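Single-letter residue listing:
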Amino acid sequence: MPREVILFGLENDAAGEEPRALHLLAQGLAVRGHRVTLAGVLPAAEPVRHVADPAYDLVTLYDRRPGRLLRDGRGRLRRARAEMARRFEAARGGHVVIASPGASDWLRHVPAPGLSRIGRCARSYRQARLDPAHLRIIRRDYPGMARSVFLTEEDARAFAAERLPNTAAIPDPLAFYPAEPAALARPRVLGVGPLTWRARFDLLIGAFAAAAGRVDEVWELHLIGEGPWEERLRALALHLGVADRVAFRGRARDLARECAEASIVAVTGEFGGPPPALPEAAAYGVPAVSFDGPGGIRSLVAHDRTGVLVPPSDEDAFAGALTRLMRDRALRLRMGSRAREHVSHLRLERVLDRWEELFEEIER
Amino acid sequence: MTRPDCSVLVISRGCAERLRRAVESVLGQSLRNLEVIVVDPAGDARATVAELAEEDPRVRHHRPPGDGDPRAQRDDGLDVARAPYVMFLESGDELSPHACKSLLLEIERTGADFVTGAVRRVAEGERRGPLWHPRLFTPQRVVADVRDEPEALFDCLATNKIYSRDFLERSRMRFRDGARHEDPLWAIQAYCLARRYGVVPWVVYHRRVSREGGPGSGGRDHLSGLERRIAAARLADGFLAASGRAGLRAAADFRFLRQDLRPYLGDLPGRPAEWVLGLARVAVPYLDRIRPAAIARLPRMERVCVRLLRSHRLEEAVEAARCFDGELPPRHVSYAGGRPYWGGEPGDPELDLTELGLLDRPFAQAPLRHDCEVLGLGGTTLALRVRTYDPARVLPAGPVTAELRVAARPGDPLRHRFELEPAGEGRFTARVEVDLGLVPYGGRGPDRTDEPRIVIARGGRENAAPLRPALPARLTAEVGGPGRRRTVRVIAGSTLKVGWRRAGLARMPEAAAGRARRAGAAISLHVPDRLVYALAARLPMRRDLAVFDAAGRYDGDPRAIYEEARRHGLPLKAVWVHDGSARGFPGDAEVVRRRSRRHLVAMARARYWVADHGLPPLFAKRRGNRYLRTGYGQDLEPALLEPRAGEKPAARWDALLAPSAGLERAFAPLHEHTGEILRTGSPRNDELVRWDEPGRQETAAAALRALEIPAGRRVLLYAPAGRDDARGRRARPDLDLDRLAAALGGEWIVVLRPHPSGRHAIPPRLRGFVRDGMGLRLNDLILASDALLTDRSPLTRDYAVTGRPILLHAAGRERRPDDGDLVPGPVLETADEVVAALGDLDRVRAEYAERYAAFQRAWCERETGYAAKAVVDAFFADVPRRG
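Taken in order, these protein sequences are the chains called A and B.
The first sequence runs 1 to 364 under the UniProt record's numbering.
The second sequence runs 1 to 883 under the UniProt record's numbering.
In short, the hints are calculated from the structure, not lab data.
Fair warning: there could be bad hints in the mix.
Claimed, not checked - Non-contacting residues of chain A with respect to chain B, defined by C-beta distances greater than 12 Å in every case (computed):
# : residue
1 : E18
2 : G33
3 : V110
4 : P111
5 : R163
6 : G241
7 : S337
8 : R338
Stated by the list, open to error - Have a look at the derived ranges for each label pair, beta carbon to beta carbon:
#  : chain 1 : residue 1 : chain 2 : residue 2 : range
9  : B       : R147      : A       : E363      : 57 to 67 Å
10 : A       : P113      : B       : R3        : 25 to 35 Å
11 : B       : P299      : A       : P228      : 34 to 44 Å
12 : A       : R140      : B       : E478      : 22 to 32 Å
13 : B       : Y866      : A       : V48       : 52 to 62 Å
14 : A       : R136      : B       : R21       : 21 to 31 Å
15 : B       : D56       : A       : R140      : 22 to 32 Å
Since the structure is predicted, the reported quantities are computational estimates derived from the model, not experimental observations.
The beta carbon of each residue, even a glycine, is placed where N, CA and C say it ideally should be.
Next up, chain B with everything else stripped away, as it sits in the complex (with noise of 0.2 Å):
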């Protein structure tokens, strides 16, 4: 019989299915030459593995003799296994097809004495589940010292590596030394012992995770988890020292924190008080001996969290467990030389809370916490005591006015007024008593949670934030006359929420009507749009109609062009298309969905198309139709401009919009465009262009109001247009915006607008230094703007036209080959080089003043300010002016 190239050991645990499941996962490896050895102390799995054999021989049972230590199995597994690789399974576990096939053939190539792969985490019950530290597995790699990267540390598996046995033997690693120890052990002493390891990016190891095994798991009732993995990093510890490795400890540590205590910490807050006394004594006097380098890499408030451990301040722990995901903010705050501290007496640097940012940020979202006690349900009448956290002072001394808004339909709230009154420095306190039967609602409408809020308003802008509850409680009550009648719920768990729902008679025609509604949508019949364009095209053309189309914003190119029709009093009239809101569109134009019969039957009957991307195939040109495409910016990716397959190459376009001789040269031979090209600028830039008139600077000064930006901060407009992930959607833009705000905070402010398809949310310890600038015309942005912060974006091009600094972000991975020299501005790649150029953005501007202005050559060159008119006369001009 010939050798197995990998020997599989799997520990059964009692669970005969999970052992069979695993079992079968290593017999349909696509390695056809390996052997599974189910190491067995109990001997309760003789039986399965018997009829596993009858049908697969490469399966065999072994019991070990003695104790029952699990770690011990798999030292007996060594000892039996016949191939000169190993890999280890848990009975619970499973692994990827592949997986033995993959390691193998890329520990025999590279040589290496183990190689370790990705992991993913399923629950019990799912087929898929999300990666496990995936950074860790990413590039494909071979690496000598694990030194070079000590964070590959958090990789603490036994199991999603194979090792050769050569290795193991030589390096006398057995799971037996010591006490019961745990995984993160080993993986300690692979990786410090190995001459040489490899990592492979793809997934080899499947960990199942019980479903109830994430936050508040059953697992962390009792301490002893956490008192294994703390001998656990003891043993380790001692490991690093005597082996000449010390310089890793703090990197030991730091995983100790993140992956062994970290969960603990997050249970404070839901775990009685003898839990919390106990992990105290347990965890604390390892923690005194972690080393600080390695506690100061913590978010700050888990640092706060340990501080007040270790000092056994246990509530204020517990309490400090509650802001963790940085949502909430600390109640007490005292404040020592403008720093904020937590607790009472400031001045303790592990307490300095200066990172959360809670400073500076728009009143619109000040961190205002509201803390309240839910007195009773009294009739309707909800009594409330409410006390109010101003952590950073942001209220003044007195009794401040505040509003109660709960709202039963959308829009139409309640608002009761009562006035906070001041109990102590950043802290209010209020007796709120709300009848909920006076909050309006409708005779008909869905049944409707509301979260209510507490509103504070100053200078026109307003803080709302919702109220959190010490207890839970449930209290019901009913409002409303025969057939309005309500049952109100008012419930309080991590916010306090009030739900309403139809009660007795009248929520009979509801649910009626609820079911008449899913049973008529399911039968209605569905034209296709094909049919419904081609029927409304037998209609007249309306030589007076004109359908706008910007990827359904109002904004860009066809906005402007549309105002500019407007202002020239063209009798046309306007359909603007939406993707979703028609919301922000003008009142003097129809808005309709985009797809819907009215978007058809208008496409299908207007004479005049202008849209700045290819209108889909669907929408055929009818004979006198006259279609503007205006581009969408000037990107010259290859694969954007190539027309799609299927997509009829256009002799569709009357007319395109070359707003640069860069843009014509490449764009128009490529879809065979034969019509009219309009050589002006774009549309959308004549406000740049002509930002100086004094209207243009009033709005731009809007802008910044809006913003809040404190007087005497210059702004950067970082605009990320992200990188498409594979699944074409955008990556979140990876510049360091922490690094960003502790070094510029006080000079810079920082304004977002990532592409339209992106989402960003930003954090709240970034609230003071990044403002949100979606809400907001890119125009008024880019002239409030002091530079532009962009990768590659369209944006660039246009930003040109205004001479201010540009600074390119190259992330990371993609370094585009194209473009040459013809850059604007400095190619950055990390949040430290951005600094250093706002640092000195003079010696940037001298530096490439040249290079600019050849940019702004061959992209702008067209951009006279006066667009708008000129392709409005040339495009429009068959429309009969009014006088």
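Just chain A, with the same shape it has in the complex (with noise of 0.2 Å):
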């Protein structure tokens, strides 16, 4: 049954999984029959195209990103509520998914009567919780929407055990599923993220280090991001000898190219929700090496099934992980395939399913 449906976000066209994520299921629902419209308040600095041919109405409410004393900025925003309180009004009967407690709070004053709202958060519940503001914003609006829908089933536990009545859990779409894995065949460890404090580079290249000297094989480690953190990981790099092997890629540009060309993914930091590209690599077949902890790791990585889980901050237990896979090719494609098993749930197909099936338990 087609409905009619708004995704609402702040800036959905900057580059990164959230707003992906956005695009992958409009472009979903609306091949599927549904009437999408994808509206975003501001336009990234650096936009990127998330899908080469929307079959979505792509809405942008200002035409420019506001300078810094932001004159005109209460008119702007009056017009911008205005525009949007429209579009609700026609989409009645419809829903309205919004894509972050921020959204909520750009919305707060905008009616939408006679549409159902859904609250989405990309964040663990541990990372809101860190976050005084952000938590406000769920307490107070999430209640009174339709559904609260989180990523895991371990974070809508945790809201739901913070007394929020409507919680759901629907993780992001994989933004490819490819019909072949990996070979798996090529020496090369990827690591994905934003060269800062947060991903722990640091830890995956001396553990690197420690790996490529105890195997005979020539082993790379290739960093995809950037950040301000690159000359300290180059003088890293360098001072353990491992300079030629470590390849600062820069900004990812074909992910599943990457994906495609590893062998093993390894993930060291500590990221508020899925860390990057893991479920793509999985969905490739690439198995994983990763330090335990909060934040739905566990969900993706099953220890010693789909790849190899070590205890937090253990630089050795890293090593002798990253060792064990570098050794074993059919290891490697064992967990591999496990790993592309594992993740198939996130599949766009799947993942519009439940979307589907969200709106439908949303009617009753």
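Please dock the two separately framed chains into a single complex, following the hints provided.
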């Protein structure tokens, strides 16, 4: 049954997993016959096209980013809100998916009669708790929505324990699910993430240096991402004698190709939600080595089955796990194929099914 | 017409407005496919329902035949419901907006026979209120047998649940069985007969209570409510016995005592004698059948009250009820075998008052009780008969000198000495006449109400306690000459109070002044801090000015650095920042309130800033400014270390204190610090490293004396950092101190030192075992202690300098997975585990010796005891030294 669906986020054409997920959902739902609008407030500083040929309506309320002084701020805000109110009115009987608590805050004074509001929060419970402003918005706005959607069951449960009455869990879809898995023959370890403290690439380089020294084959570590720590990390690689093995590839341009060419994906950081590129790598059948911890890593990597989890911050154990996988291609292939199976529920079609089930449930 | 997913039965009780509100809460549910059946025995809701049905056809009216028994109404409603799941709603209450949908999804998902959800008590006229028994509903779960969690019986409502019709029919659960009975009976049956039931933590039901429905409620004026509850309890007992669940009897009894009986017991002090007699008549026959195990779970004073009721010592029962909150000590206490007992004859274990912790409290908190009788107010002289009770026998046998202190303005009381004459064991009496005209009061100053205290001194310490009048009274007098006239009111309520009010002409200027002040405040200009700071920054920088900021206290690293700088005789002018109280700061420094004009100006003009936390970006650095960041404790929670959004990554710090290699590794790169790193220990820990210097030992001994630690006891420093609850407030530490007290009372004393932002009141019964350590210096407490118990507080790393045992308390719910093996002591979860560890400290020491040493190497390696000197030398290097 085709429905009116509006997806609303603050900055939809920025680079990153969150905006990409919204575009994928919008496209998927539109292709299934729903009337979809993807609305955003701000144009990104460096816009990215997430979907080549959108079957949905793409709307950005501000035509340029506000300047520092925001002199005309109030007028623009009022007009933008009025525009959204009009669109909501036109979509009566449908659903609006509010992509984040920040987006919910923006929409606070925009009436949406006859429209069911679904609040999405892409941060893990633990991360959300550390940001009081965020949490305040969730507490204030989300109980009144038709549903609050989180990315994992764990997070949904945690918020339900905080007495949120309407939680549900729907993960973000994979950007791609290739027909053929990666060959896992190329001796390359892949690390994806911003080059800052958060991704802890210093630990990764250290572990890689130790592991690379223990195997005969010449392995390489490719780091995909940008950030202020690049100098520091290069210096570290030099210091550890692996400057020629560690490649700093810059921003991710073709993630699919990167995954296809890797044999191991390594995660050393703690991110709010799923680590960048880990689900996609798993879709390619690339096994993972990661630090254990909260944040949903356990739902993505099943220890000793689809990858290896090591105690947090334990560089030696990480090196040991890398060594083990570097030495044994058969093991990599076994784990990788299980990883592929393990994330198959994240395929776009399945995720879209769950969204449609959610819509049905709301309409009961 | 499709079958509704859920039927909600609303019983109409006559008030049309409430019925409408209840029904609308159902019609406004997120679940649309439901039906509302209004069961209306009296027939007077027909019109209201018709109106509602016109707008929304999902609601219909049902008039059951016959009797009008309210419980029978629910049964009839069940007969006409069409959905496979049902809920009940009282017409005074409401459902929360997602109740039906969320409970429906849960019962469908789990296949349970019923699902219960959390309840909020909301007073009439309010929109929110507290949760009712919140712990019962968390975590979200499915339970197969209520015998696994008998406390569930406290969830005694029928209305916060969704039931499967199948289950109700299968188990033949009907409200009508037996005489008129109450929800608790229904709930017990539901819990016992369900094959499994679900529990969800979110609020589904808003239970309305009338504003007067709290203590002293008119609902308890006649005892018929209690009679009904007792009748229901008897039926429930029969049901439990017949269905082979006698094991639940104790839990059901306990529920009755806490939920049904307790409100009536609490009423005792305010009720007339016939009511008390009536209560005894109604309750005692059933109390005689209650399992002793249930009574034994009551707090001690409630147990005493129950025992006294059952022994028909009714006046004493009323007296016992006055002591329920633990603040008011009992009057008459006798001793046998060193244990205190209620009343004149010791020996009855039910009346054993040891649990109240009356003995062993520091004198300042000893349980002295001063009852008084207001004899009259003659002119300005107040005459009182005072009767002092000393249940813990802390006062000597002879006459005791006491002082009555009454103040009309803070800090300047009238001290009226008098003698308390002994009048029996643990009893004293005196007649006091005090001239209220002699109490100093100022010409100006606001009206004030004071609670006079009786103060008794012993060994340099004072015990001050209010007076408790036997009967209410209000007396007035006038004091003072023309222009300074005051009306003095003596108010005898739960305590004796004296109020001072300006009278006559003196009143007018005050009122006018008040109005002028308020008006002035409304129109005063508010100059933003940024502007003040920017203007002040144009003034020349003072090269000898240093601002010290230790989060508003005079403590920590900034204090140690300051004192060292003074010892060196550095010609620095110092400014300290306080957060509300300027007490305790050194006299030779200027003390300013945070964000005041003086603070902003000082920050703008100071060459040196020394702070243990990140100063807000408001304070932009000037050329020549030097900013030393000392760090607040070595806590490696990643989120705390990350700069907040908007905080400029600090090219701001000129010098960063890195008391350990671990902190240096993590902290510095994170904030992109490029300035100096001072690789010294923490200045505040110098005292701990050099703990065996004579001066240090003396201050530690002084701390022990100040806390009145009895000789021979060992001291456990308990420093809960507390978990941040979701509001960002520190939650209360959840260690069961009562258990600790019971097991360790004779050997250990606990000194409680919570995180400064946490507040923790020690209940009176624990004041013999737990001392409040907030007023003393942390280092003194550390040196005076024999062991530390904490939950991941940054204090752990400082304490490790001393080498004394450290016990870690994992506060149950969140076991942080990081840190791995590097804990200096056992991680304990329950009070029993703490008791076991403290009982065998030598073994704990030996077991953790290696790990403790590794911990010290990781975190305390740089602690040499001379960190303050090193920091002062490095940071204040360019301050010209004298001589």
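Taking the hints in turn, this is what the structure says about them:
no.	hint	result
1	E18	holds (16 Å)
2	G33	holds (24 Å)
3	V110	holds (20 Å)
4	P111	holds (17 Å)
5	R163	violated (4 Å)
6	G241	holds (20 Å)
7	S337	holds (29 Å)
8	R338	holds (24 Å)
9	B/R147 / A/E363: 57 to 67 Å	violated (41 Å)
10	A/P113 / B/R3: 25 to 35 Å	holds (28 Å)
11	B/P299 / A/P228: 34 to 44 Å	violated (59 Å)
12	A/R140 / B/E478: 22 to 32 Å	violated (54 Å)
13	B/Y866 / A/V48: 52 to 62 Å	holds (56 Å)
14	A/R136 / B/R21: 21 to 31 Å	holds (29 Å)
15	B/D56 / A/R140: 22 to 32 Å	holds (28 Å)
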